[in-house]
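From just these sequences and the hints, can you work out the full model?
Protein chains: 2
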Amino acid sequence: MKTDLYRLTASEVVALTTSGQLTVEDYVKSLISRIEERDSAVKAWAFFDPELVLKSARELDAIPFEKRGPLHGVCVGVKDVIYTKDMPTQHNSPIYKDSLVPVDAACVKILRSAGALIFGKTQTTEFATCQKGTAAQNPHDSKRTPGGSSSGSGAAVGDLQCTISLGTQTGGSTIRPGSFNGIFALKPTWNAINREGLKIYSIMCDTLGLYTRSVEDLEMLASVFALEDDVTPEPTPLPLKGAKFGFVKTAVWPKATQGTQDAWALGKKLLEAEGAIVEEVELPAEFGVDGMGKWYPAVLAGEGRSAFLSEYAGSKDLLDPLIVSHVENSTGVTRAQQLEAYDEIAKLRPIIDSIASKYTALVTPSTTDEAPLLEEPLRFTGDASFNLMWTILHTPIINIPGFKGPNGCPLGLSLVTPRYHDQELLRVAKSVGKVWGEGGGWVSAL
Amino acid sequence: MKTDLYRLTASEVVALTTSGQLTVEDYVKSLISRIEERDSAVKAWAFFDPELVLKSARELDAIPFEKRGPLHGVCVGVKDVIYTKDMPTQHNSPIYKDSLVPVDAACVKILRSAGALIFGKTQTTEFATCQKGTAAQNPHDSKRTPGGSSSGSGAAVGDLQCTISLGTQTGGSTIRPGSFNGIFALKPTWNAINREGLKIYSIMCDTLGLYTRSVEDLEMLASVFALEDDVTPEPTPLPLKGAKFGFVKTAVWPKATQGTQDAWALGKKLLEAEGAIVEEVELPAEFGVDGMGKWYPAVLAGEGRSAFLSEYAGSKDLLDPLIVSHVENSTGVTRAQQLEAYDEIAKLRPIIDSIASKYTALVTPSTTDEAPLLEEPLRFTGDASFNLMWTILHTPIINIPGFKGPNGCPLGLSLVTPRYHDQELLRVAKSVGKVWGEGGGWVSAL
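Protein chains in written order, with the UniProt record's numbering: chain H, 1 to 446; chain R, 1 to 446.
Any given hint might turn out to be false.
[To be verified] Beta-carbon label-pair distances, calculated as ranges: (1) H:324 - R:280: 46 to 52 Å; (2) H:98 - R:135: 48 to 54 Å; (3) R:135 - H:237: 38 to 44 Å; (4) R:15 - H:332: 32 to 38 Å; (5) R:236 - H:97: 33 to 39 Å; (6) H:234 - R:293: 34 to 40 Å; (7) H:297 - R:62: 56 to 62 Å; (8) H:51 - R:70: 44 to 50 Å; (9) H:324 - R:70: 44 to 50 Å; (10) H:289 - R:236: 40 to 46 Å; (11) R:407 - H:230: 45 to 51 Å; (12) H:97 - R:280: 35 to 41 Å.
It should be emphasised that the hints constitute simulated quantities derived from the structure, not laboratory data. By construction, the Cβ of each residue, glycine as well, lies at the ideal position given by its N, Cα and C atoms.
Right under this line is the structure:
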């Protein structure tokens, strides 16, 4: 048995477990060793039970080859705001300490049906809301944040502690940890994956996110989750020669610091070197501070009023002040403002689709820079400014890792295609991911 | 003890239980007797355990007076697609037979925090989707449907078997049973009540619905669920003299038969007799068959693909063919059509708000007529045509009972106000409900 089985991607795991070259138990043992070695530095897990995982592994190994699913033996870290029938779901909230609801979220059920092994629950900020960080630390530099709110999901995949993981995104909670941990992070089209069994924060924003270390793995997941475009993309790699990329700085570009500025320039250069056409795209004013910049928070404020009322009614004292302020609407956002925000943002969705459809993909920053240093007591998870707009516009978006920040930590850039062009996005990501991964300057030391 | 305690409304129950004039146990015993007497005719319940309910009643009776909540002792029937921690949630699906997930949906948690007693689970069509009826029968004529998908919730409140109940609406599943059972049915503004713990069918449509036998009861619930307008309406009754009602037949008016046609004319006459101004309102063409008429089903078809994928992946053979066809997209609705539908309907929301804001309220049919006869094997729950548009437009809507169909069964008309004008809608409903209730011609024989 190779000692570094924990390095396998999902595609590699499945190739080995479905052909009988690897037992799930051996694979899982390697991951367990990895966690034992690294957990004190990364602290990705809110719940992890090696015995439970080994039991699941043996059950999978007992399945006859002809009945093994497309994700047989893939070990999935599940953000701790997503129900798992055999593990607690604690939302990083004292209200739900040790709470085990024996039901699988729809996404977990689909993964299990495909042969995946639910591996553990990963650290999340409280109810995936607050910017107050978790115990988790960045695997590439434990003094830095792994991002949030999907802190543990990003860190665990980045640190090779599980094969893939699930996050969620309301603001930038999937893309940001993707960038900070040097991994692929896909936020699919809004509602393309059922959100039943996930804690609801904003119905208009919340989207399940997927973390992997290869685009092939995302393709497997897209197939299992039936992410289908109207037109199935060619199975051949996308040629970058002649491909056209629209680089969208967005209105929050002034927040980009050295790492992202450098990645921006290098990302362009690398694509141009492949023969791609690169253009800067200026979005209409409605996407800026006086439009989207006020509408996004109005939606969140409005939806937060009902999202946490049940916890507020029963256990107000145990809620983070941010959540209490949501329920009490302390920012005073009116329903009229919330509705204006809904309606105006709805107008922007076909506009961004139309802009994106003129390009092979849009490119936009994932984060303002590499992961910031953890500072007590807040353990701030980083700035989500570059992510908010894309979340509420419902487009699919993917973080492509490969770039190096000023302190040697990873960061990525994001690609965007129109809504329900998720498969197309993955095809682009595969070609771009190769180029940026090889030329972006960051190589994982793990 | 009065022998007909089961007739009490929620407001009456609370007045008695919080002042010590009535124990919850006595009240519950009366409801249990009612169910024993009437269940064979109505069959409203998917799960009902008198011992469990009596235990809950005694627990509520043990609460000191000063700690009793605003719904102390109100007995709530819960549609069986909504999680309750102490009762099975079976979705009328063989996949979930006897399945008990020990967690409360957010709405149930809020009701319990307010002192309500979760009374039993009410019959629903499979996953609140199919038009194939349930075992439940109309309390006013057991040969007729109580409507669907919230069949049991409508029937149980209509038959005085519980105080209030919870339904859901994706098409017309709250309003239709309201009309057929002769009770008040409120579908609040979309997402004004958190839907966590409800089976998801269409994220863009699904809304929790509330059934009561008085508008006062809905006011109590609106308070508990924090349904707050930007401007709190006057606490005094709305004077109908000078009030202005816009009667909206909509493009599906040709489906209205005798009962609804008569109610329409009488409803107008009764309002005019009070000095109200009544106008017919013609909606723009986009609300008609070539717009809304194709967009609503496109949204449902698109969202159905992901909504039931988890059940499909694990238990396809146990799903109703309609649900299978959703997942397999057998109607061939494209993602482009789904997105066009999202975007075009989004444009209509501020338009309908603006039209509605010119009136005290809009009036529109609740159903095509009184409840149709049950016919085996489909047990069709009735036509939802008049409801679909309002659901996806996200406006609050309420069924006002009072009218009599050609066979003596009840039917109602609906009132509509702009989004997030739920309290205003209730104020209008109170005045209109009185007039239509007294003059509409239907009196419950129960």
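Hints, verified against the model:
1. Restraint check, residue 324 of chain H to residue 280 of chain R: a C-beta distance of roughly 47 Å satisfies the suggested window 46 to 52 Å.
2. Distance hint check for residue 98 of chain H and residue 135 of chain R: the Cβ-Cβ separation is about 39 Å, which falls outside the suggested range of 48 to 54 Å.
3. The hinted range of 38 to 44 Å is not satisfied by residue 135 of chain R and residue 237 of chain H, whose Cβ atoms lie roughly 56 Å apart.
4. For the hinted restraint 32 to 38 Å between residue 15 of chain R and residue 332 of chain H, the CB-CB distance of approximately 35 Å keeps it satisfied.
5. Remark: the range hint 33 to 39 Å for residue 236 of chain R to residue 97 of chain H is contradicted by a beta-carbon distance near 47 Å.
6. Between residue 234 of chain H and residue 293 of chain R the C-beta distance comes to about 36 Å, which sits within the given range of 34 to 40 Å.
7. A C-beta distance of roughly 45 Å is found between residue 297 of chain H and residue 62 of chain R, which places it outside the suggested range of 56 to 62 Å.
8. Between residue 51 of chain H and residue 70 of chain R, the C-beta spacing of about 47 Å keeps the proposed range 44 to 50 Å intact.
9. Judged by the Cβ atoms, the range 44 to 50 Å given for residue 324 of chain H and residue 70 of chain R is violated: they are separated by roughly 20 Å.
10. Between residue 289 of chain H and residue 236 of chain R the beta carbon distance is about 43 Å. The supplied range of 40 to 46 Å therefore holds.
11. Take residue 407 of chain R and residue 230 of chain H: their Cβ atoms lie about 48 Å apart, and the range 45 to 51 Å holds.
12. For the pair residue 97 of chain H and residue 280 of chain R, the supplied restraint of 35 to 41 Å is violated, since their beta-carbon distance comes to about 58 Å.
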